[in-house]
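There are 8 protein chains.
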Amino acid sequence: MMENILKLVQAGALSIEEAKKALATYEDLGFAKVDHHRQKRQGFPEIIYGEGKSVEQIITILEAIKAKQNDVLITRISDEKASKVLEVHPEFTYHPVAEILYWKSEGKQEKSESFIAVLCAGTSDLRVAEEAAITAEVLGSNVKRFYDVGVAGIHRLLDHAEEIQKASVSVVVAGMEGALPSVVGGLVSHPVIAVPTSVGYGANFHGLSALLTMLNSCASGISVVNIDNGFGGAYSAVLIDQLARKNK
Amino acid sequence: MMENILKLVQAGALSIEEAKKALATYEDLGFAKVDHHRQKRQGFPEIIYGEGKSVEQIITILEAIKAKQNDVLITRISDEKASKVLEVHPEFTYHPVAEILYWKSEGKQEKSESFIAVLCAGTSDLRVAEEAAITAEVLGSNVKRFYDVGVAGIHRLLDHAEEIQKASVSVVVAGMEGALPSVVGGLVSHPVIAVPTSVGYGANFHGLSALLTMLNSCASGISVVNIDNGFGGAYSAVLIDQLARKNK
Amino acid sequence: MMENILKLVQAGALSIEEAKKALATYEDLGFAKVDHHRQKRQGFPEIIYGEGKSVEQIITILEAIKAKQNDVLITRISDEKASKVLEVHPEFTYHPVAEILYWKSEGKQEKSESFIAVLCAGTSDLRVAEEAAITAEVLGSNVKRFYDVGVAGIHRLLDHAEEIQKASVSVVVAGMEGALPSVVGGLVSHPVIAVPTSVGYGANFHGLSALLTMLNSCASGISVVNIDNGFGGAYSAVLIDQLARKNK
Amino acid sequence: MMENILKLVQAGALSIEEAKKALATYEDLGFAKVDHHRQKRQGFPEIIYGEGKSVEQIITILEAIKAKQNDVLITRISDEKASKVLEVHPEFTYHPVAEILYWKSEGKQEKSESFIAVLCAGTSDLRVAEEAAITAEVLGSNVKRFYDVGVAGIHRLLDHAEEIQKASVSVVVAGMEGALPSVVGGLVSHPVIAVPTSVGYGANFHGLSALLTMLNSCASGISVVNIDNGFGGAYSAVLIDQLARKNK
Amino acid sequence: MMENILKLVQAGALSIEEAKKALATYEDLGFAKVDHHRQKRQGFPEIIYGEGKSVEQIITILEAIKAKQNDVLITRISDEKASKVLEVHPEFTYHPVAEILYWKSEGKQEKSESFIAVLCAGTSDLRVAEEAAITAEVLGSNVKRFYDVGVAGIHRLLDHAEEIQKASVSVVVAGMEGALPSVVGGLVSHPVIAVPTSVGYGANFHGLSALLTMLNSCASGISVVNIDNGFGGAYSAVLIDQLARKNK
Amino acid sequence: MMENILKLVQAGALSIEEAKKALATYEDLGFAKVDHHRQKRQGFPEIIYGEGKSVEQIITILEAIKAKQNDVLITRISDEKASKVLEVHPEFTYHPVAEILYWKSEGKQEKSESFIAVLCAGTSDLRVAEEAAITAEVLGSNVKRFYDVGVAGIHRLLDHAEEIQKASVSVVVAGMEGALPSVVGGLVSHPVIAVPTSVGYGANFHGLSALLTMLNSCASGISVVNIDNGFGGAYSAVLIDQLARKNK
Amino acid sequence: MMENILKLVQAGALSIEEAKKALATYEDLGFAKVDHHRQKRQGFPEIIYGEGKSVEQIITILEAIKAKQNDVLITRISDEKASKVLEVHPEFTYHPVAEILYWKSEGKQEKSESFIAVLCAGTSDLRVAEEAAITAEVLGSNVKRFYDVGVAGIHRLLDHAEEIQKASVSVVVAGMEGALPSVVGGLVSHPVIAVPTSVGYGANFHGLSALLTMLNSCASGISVVNIDNGFGGAYSAVLIDQLARKNK
Amino acid sequence: MMENILKLVQAGALSIEEAKKALATYEDLGFAKVDHHRQKRQGFPEIIYGEGKSVEQIITILEAIKAKQNDVLITRISDEKASKVLEVHPEFTYHPVAEILYWKSEGKQEKSESFIAVLCAGTSDLRVAEEAAITAEVLGSNVKRFYDVGVAGIHRLLDHAEEIQKASVSVVVAGMEGALPSVVGGLVSHPVIAVPTSVGYGANFHGLSALLTMLNSCASGISVVNIDNGFGGAYSAVLIDQLARKNK
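Residue numbers (UniProt numbering), protein chains in the order written: chain Y, 1 to 248; chain V, 1 to 248; chain W, 1 to 248; chain B, 1 to 248; chain L, 1 to 248; chain S, 1 to 248; chain R, 1 to 248; chain Z, 1 to 248.
Please note that the accuracy of each hint is not assured.
Derived CB-CB ranges, DEER-like [what the hints assert, rightly or not]:
1. L:H155 to R:K166: 15 to 21 Å
2. W:V88 to B:H155: 50 to 56 Å
3. B:H160 to Y:S54: 26 to 32 Å
4. B:A64 to R:I59: 51 to 57 Å
5. L:K68 to W:H155: 41 to 47 Å
6. S:E113 to R:I59: 43 to 49 Å
7. S:Q69 to L:H160: 24 to 30 Å
Simulated from the structure, these hints should not be mistaken for lab results.
All C-beta atoms in this analysis are idealised placements derived from N, C-alpha and C, irrespective of residue type, glycine included.
The following block holds chain Y by itself, in its conformation from the complex:
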């Protein structure tokens, strides 16, 4: 959009006055001014939701954040955009499956036995599961992945039950019928964060089916985040895992 404003100025279609006004709007909105106090307090990086932002906007914001010595985590950023950011900022790391780009200063992390279990039902849920797993790692938790353990082949899950039970919290990602969190909830005694995905078709209604399944789970100890919100699931899980880390 910034580009368009400038082009219109160049073309004489927009007065300097108007252009200043339009551009000023953005400056007032800079993420840098905003006090994301929670992140601050817990040593979390500042988070940018990449979808719908241009490469230019992303670079502007991340530079403002880095200027303050803060870590940065960018979610929902495509390969294409990430490559362009990496050209300018090669110190960043990109996870193509998770569609996450981040930069983290060193030496902050304390060791701990505590870990978050990230499970997903099928290979199509991978993007969301990896968004959760990488987010959790960047936010400072240990993660163990248990993928393709959907309920239609229950033994694949049961084989890992003992290991999953050792986690402080599970993030369970599932599309289609979304039944996995119910089964996991019955196998473990720690909190379960369920993440419905929009994977499926027809009466799936873009993830509504999985969402309702999870909200109606007959197992206790399950709470749910928005459809495809791997980041949100991980964020809640990390807050829980931090309570567990303190005494392990």
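Please build the complex by placing chains V, W, B, L, S, R and Z on the supplied structure of chain Y, with the hints as guidance.
Here is chains V, W, B, L, S, R and Z on its own, set in the frame of chain Y:
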């Protein structure tokens, strides 16, 4: 309604002409005239959906059917109504949990090893599960029940997996998140008929959650009937079981 | 239902054979047989969902549980039913607002500074909030209540912000527009469990509005349970609080 | 479409008769004939909804309007289309963020202290907020913008509360959970027009979540317009502000 | 509920300790403590939503409010409950159609020519229309009623168009297809507050049809409140009318 | 309600002034004043929607209409209410199945061969079908009924196909899956008015299923009215039949 | 698709056997074999739904129809496709606004005074309105168009009321809030066919809003067809108009 | 995605460590490891859902499967992708209408008279019907196709009724109103698997209309699979047909 018509005649509020017309409507509609050919051909009883019918209507219809030597199966009939029918027709049998009342002539059934597995997730799904089980039995199939085997305690189901696998077809009844058919579908190699129930609250939306879960199942070989339709699930299962009976 | 079966036997409308079968179904389903392993492991009471169960059924189940020396928590049980249970079991305690009846053996609880904050938006959300608060207390957590702190009068909430921040986890109950968890999520740095209620009318659609609001929250660290599911919200919170208790 | 008609004539595929008929339809529909009496009476410009109209159609309509000495406001017109219109009519002004193009004759506006507060929750709601702000300005009101004041960081809003309270009316734009109008409604004593946006994903359902939140607000004095309808929100606000202007 | 608590104490089923706790909850929630600042500032009465509250609760709350010299407005209170309140507080006035009970101290109101037009489409929308009209009057505005002016007999509305146009703001109440606000919006040049009602059946979906109609209105200057929310419509209208009153 | 107003006056709870105001509202709304011009022009009776109106209200309205020498048709009036009206007005005729009460002056009807075919799928759709049939007869059309001809037993329908084809228009009533109009639409060459009913359960969603089926019909010449709206279907059919009557 | 099959054969990826099978499927499905009896009996052209069909498929089908001396009407066919068909069959006529292509043999039509009124609310509803108008004309009815007569400017409609009333039937097309049919229904005494369009945004939900409005209309004599189904609305209207034509 | 990972490595934007991790994720998820026991036991091919998978991924997976001597069935694979796979694996067969690619070892199939009837309502349902038919054939059943037998021309269906009745099971595919399974269910005495398709527009809501119709069918013996799930319908049908094959 019949009663009301007559009362209005008595009160002079309805002419003989009008009353005849109103009553005639019913006669034209008598179930007895209707050629329920499928039932005929397969030796099935004639079926009456009891909900919304008065005791008088039910008795009129069942007598018409019995007069033709046909068996009768009445679904969705409450304790209270059934008791009144039983006063007049003590030869009928009532299943209070299934809310089914039926009469069956003897000697028709051939022996077979083949059976239908009826599973349900929780005790609240019992009415629908029993509607399925009793329907299947009255229609001539053997039934084995596996109740309270919901996915939140997966071992309860796995303990019975070998036995369930021996069935010709499974009818799987579940409310709340409705995840049971997916797990069963992954354990057996016969067809699964899934019956969602309206059991639950909040975002369950009267069974919609379980219905969507079942339609979106990632396991193959599952087909679904209407919410709370234990009768329909059993009917499909019996048609399938009959194919299996022929060579067992 | 049990009663109806027996009455039909008495009336001769149900054979001994049929009655046995119908009754046997229940015995097979007895909660006592079921291994609620999670509860066992964590010293939690066994939980009975009271809605739709008769006083007789509830007493039968709770006596079976108590016989095994286990604690009992009954949710969604009305004043009327509770009074009848209390006549037989005066050792139980009833919370009329929360509609919870429980019995707990003594001496189990360890002291801790850790507590769960239970917030609710308006007085109409009280039943659900108390269901959460009492559940959490019976399951062994400390609870501090912050009631009637809805967003339309934001200062009521801000007055308590410092105290709420000290909790290990917040359970935030809200009906109508359900905006409270978003604001709380921005004020605290611990996990937030959001509980939508069905309080409201019109385009509220029985809690759907509050549910969607909470799932779409722009604050991080919020996960959601089913509409009116105060019990479920508390259960998740207690699992989290237990992690915090260990080192306080 | 006009173009296609002519091409078909050229290709001999459409008779002159048919072409005349097809074209005539448009002439009968010309906006110029229509008596938009409200606009007339209040000195408002005539309004064109740009979406789905070709550059040619827009130019035809706006020239017809200008020919009658009326002001013109075109909403939902993209950068690309606007640029083409500006080539022909450089006297127009384009707002790229608001996607509004307008022309206004001079000297009409009286000075007033009265103003409309336009608030938005996040940067993604900017397009709609600017559509509201620019519309209000072109229609003759003063506007003060309060952007990125979403409820997840409540202090950002509270810092501006005193200033917002001075407005005659607030237009509050929010997507995702849409909680901002409820909080604003509790802080001010003037009318609040809430504008839900389609910003969000998953269970947001293209703005339905924010819409329901706003309709169910527990704060009084809030009324709602359609999803993304920044123009409509501003129009209502200006009608209200005009009542306030008269005595300020 | 208060009653139930006391009965359980009497029956020995609730300890004094528990009863105190349960009762204390209410005291903490007393409306009297809450600073409804908007009402205060504008001389509005304090408002109680009567639905779901017992006669005892209503009397407790209103006495607390009157003790502070404030006016009181109770909405959604049935004939039956109102009669009981009136036995104790005969100084209150009850509107049976609007289901509103209120008490207002004298002498506050200044005269003005300004008025709110309250329109409704059909006689079935009367309860909601009167809730709006009486609310507006008690809050201090003049009201003119235009009832049964639905769009299926458009001349009934047009006969009053000139008079309606003189209002400062219109509150337009309609159920079924909810088309009335669109037509009114095209006839007047002041703001229109649309109130959908749940009147209708079938594909009306409890007011959803009318709500969607109003949100999608092609007329400008219309904003919408929740289904059946006559009070909310009036509250917004009064805030607008106050701006108009100042200079009439 | 009228009763309640008077009772409150008697109890001194309502001043004469207030009572007059409340009562006056009704007088202003009297159906008698309204110019139902369409009915007038076509010699149709005036129509009262009985649901939600008290016996007193119905009698008041019908007497006002009869005083003007007009015919009266009251729909959705229960047996109980109708009996009470008939005590006062024995000249009326009541159809208990259709729940219609009417009075018609004699000698108006001209003879014609033209008739409306009213079809229904199952016996549970009878109330709506009869509402359509009786409405059509009272409005002056000949009606032939074809009941219980649902698509699951297609031969029942085909047996009557030739006769149905002779009608000027068909009104086709169906609940559950609502498939009948599609089949009829393919068999006849006259217009078909489809009336979905709320008969069914589960995923029927109170008639939504049948409604959608009918709107999506692949047969041409079908248009649809609201769920359960037998009256509306008949009204449209009679308007069509009148065109046919003129030349038969 | 036909093309793809052949390409695969060419590439050796598909055996002759398989290709024959895939192609044979189409031959079995040829529209030419199908007995569209209704069209036959009434001298209607055969109708092809153009959307989703390739130019090749359309030409194949229309040539088969013309070979049998039948008229042809193709709906939902874009400019681009139509141009290609016209290259081969210049005897066809294309209506670019209606997106209809047809060929009609001469001399069939009898003269009549009877006509169908086609109304639409706004210019964006034009495509659907023209689809209705052209369909009706090709099917043999006279049509008068009344466009851009939406309810937000009620006088535009009232100016034409007398003329519209002379029609035998009205087809009323409207998007957004869809209120026009209700107002028309109250002005005329002939049947009204309402056609909702998907024009609108936000809470319009792709035409659902207009559809519900029309189904819930408080005016009598209105029936509804599917969203955007101008063809269907016209088809029903022509069947009605034919009854009127006979005696005019 | 695999490609992107490698490109980023090449570009130096991704470390070897990170790349290994991202790639390893896939290896852990290889379909080859998974024990699809049902397929194994019944000699079924392994099934790959092609949608959303790249040509490279598909080839990798199918080679892994073929390496183990298993048959392969790939559904939802476009012409374009299939052509590329066929270049590498010319031993595969592609069905362009069904969008299925498969490879099957020879000599497995036993002869049988038993067959599955695959019906579809209209030519637009062809893709889904062929997906069902080809799936059933590849899984080892005989198939007879009955296409374009929709209910709007009921005689087309009735002409084939006798032949369809001979099948062991019917798979009935229908979009738009989805009425075909109900009619078929009334004509045959074997199980019917109903497959709704997303064919239609407007109030079809992407297949929801057909889905609801089928779930609400008044014919018995019908069960339903997800929208457009031709594969799932066939899979269930084959499991049923296998029971029938054993004794034919």
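Now the hints, each set against the structure:
| no. | hint | in the structure |
| --- | --- | --- |
| 1 | L:H155 to R:K166: 15 to 21 Å | 19 Å, holds |
| 2 | W:V88 to B:H155: 50 to 56 Å | 55 Å, holds |
| 3 | B:H160 to Y:S54: 26 to 32 Å | 28 Å, holds |
| 4 | B:A64 to R:I59: 51 to 57 Å | 42 Å, violated |
| 5 | L:K68 to W:H155: 41 to 47 Å | 19 Å, violated |
| 6 | S:E113 to R:I59: 43 to 49 Å | 45 Å, holds |
| 7 | S:Q69 to L:H160: 24 to 30 Å | 29 Å, holds |
Of the numbered hints given earlier, the model fails hints 4 and 5; all others are met.
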